[in-house]
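Go by the hints and put chain V onto chain D.
Going line by line, the protein sequences match chains D and V. To convert, note that position 134 of the first sequence is 134 in the numbering used here; the numbers rise steadily by one, no gaps. To convert, note that position 230 of the second sequence is 230 in the numbering used here; the numbers rise steadily by one, no gaps.
By construction, these hints were calculated from the structure, which means they are not laboratory data. Check before you lean on any hint, since a few could be wrong.
Stated by the list, open to error - Only pairs whose alpha carbons sit at most 16 Å apart, straight line, appear in this in silico EDC-like list of lysine to aspartate or glutamate: (1) D/15 x V/19; (2) D/159 x V/352; (3) V/281 x V/318; (4) V/390 x V/163.
Chain residues, written in single-letter form:
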Amino acid sequence: MRYISNIVRSEGDPKVLHSGPSLLSGADRLARSLGWFSIGLGLAELFAAEQMTRALGMEGKEALVRSFGLREIGSGILSLSIDKQAGLWSRVAGDGLDIMMLASELRSDNPKRENVGVALAMVLGVTLLDFIGAQGVTSRHSRNRGRRRDYRDRSGFPKGVGAARGAARKDFEMPREMRAAPILAYASGQSSAGGE
Amino acid sequence: MRALVWHGKEDIRCDTVSDPRIEHPRDAIVQVTSCAICGSDLHLFHNFIPAMLPGDIMGHEMMGEVVEVGSGVNGHIKKGDRVVVPFTIICGECDQCNRGNFSVCERSNRKKHLADKVFGHGTAGLFGYTHLTGGYPGGQAEYVRVPFADATHIKVPDGLSDEQVLFLGDIFPTGWQAAVQCDIQPTDTVAIWGCGPVGQMAIRSAILLGAERVVAIDCISERLSMARAGGATTINFKEESVVERLNELTGGKGPEKCIDATGMESHVSFAHPDSLYDRAKQMMMLENDRPHVLREMIYVCRPAGVLSIPGVYSGLADKIPLGMLMNKGLTVRTGQTHVNRWTDDLLRRIEEGQIDPSFVITHTVALEDGPEMYKVFRDKQDSCIKVVLKPQA
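Just chain D, with the same shape it has in the complex:
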């Protein structure tokens, strides 16, 4: 892609010769993968709910599966965004709901019990990935990394705040167009308010 984008650069603009390591960590990449997976699964749940419920012996619960699909899409979009921690933790919470729903379908009178077992095993595996990803991005992007410092000694005024206060009023010429608007004159009672 970067080579294609060179088409819009001028002749003298620097072009990439050798690329350095990406800033994206393994956890960031896992978040992206899980985000796309979430959107894909969500679309499948939304548009193939009948087939899914039939395969799992859950006929009549299409609306529930579709609502789970919407949840998956939402979590996926969040996982692909810069708020990926929230996205992945929402996926972990959603996995909990999936597990509860599938576990309730493991009843002995369900003729598709085996399929439910396979689906449950898959969800447990994805839950593990979601948890690892959520832990990873939360730890990597936590504000608590590094030292906590106090900048109370950084005034920026070598002669102190007292000496600085109003120092520029003595010699700064306010540009005419940046003076307060004429309406301020009304506010200070120099004129009466007008209508539209």
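Frame of chain D, contents of chain V only:
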């Protein structure tokens, strides 16, 4: 040479790239000795500003030594000069430049045809920014080509360190212009949202311009401590209501002047439902900006007051209370910074010891550590407020 290159959302890399070359007689090549990561670089890092392309070199706060000049520079700068490079590229000759409106220079944006379509009328070219502002390679690199170099520079004397003058290229004049746009009177309360680098410079500028009281609003303790050091009263919006506290400080009337040093990425929290709404729409690409601060400023500002907006907004925003804005008779002033309009005056103030902008630097690292510092700065880790990079280290 090495440079920090944008490869996509949250992916900056230290790449080896070809050296820049003189393309036009008015160009110069500057060997960068110091450059910085700006808050607005984070909007690019997050891919919230449209028209970035993989392979774009980041950075619009830089300074260094002139190593080559084109034949048309005509002695305005010469090899060996030490210069700060302003982030706005200016021709110095067009109608807008002649009026001092440098950030809307009519000639420096080489992709003006694109900008005209998006903005109605294009603005100046900017270094290390979107292709809507020319797509010029930025200064987080060992070398940078400076177009219109005879006008686009600030010469600096040898007696001052890089750290003292580097921010003349962006955040210092940006904070200054934000305060100047308020036309501060000695009786004014100036409220400033956001205590990042631009907010810190706006606080110092409002103090220098003689505000009776400066109120700084943020939720990060180290940023608030730096704001207090500069003479501001602070409000931690996670601990108290901004509107109630500002009204309390102003006898119920609200601040006369309000500065938005936050821009399009306002803090998102359950305490501010509008911020959640904006974030959700932004994620669905239904809104570009999160204007919570702008809404709050319009609400709390004293009638007939002034709103100054140096914070970067990129496109469309929802639910702006225009009725409130109109009925209260508020004046809105905004824009990218007309850097060169202010820099002679600000350089003199640095030389006279009125202010030393280096106070804001919390991290200084080599260029190759730059990508990681984007993350540290964005995540506000290690009490990071301002990062300076040293490409020659």
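* **In rising order, the numbers of the hints this structure does not comply with** => Violated hints: none at all, because every hint is consistent with the structure.
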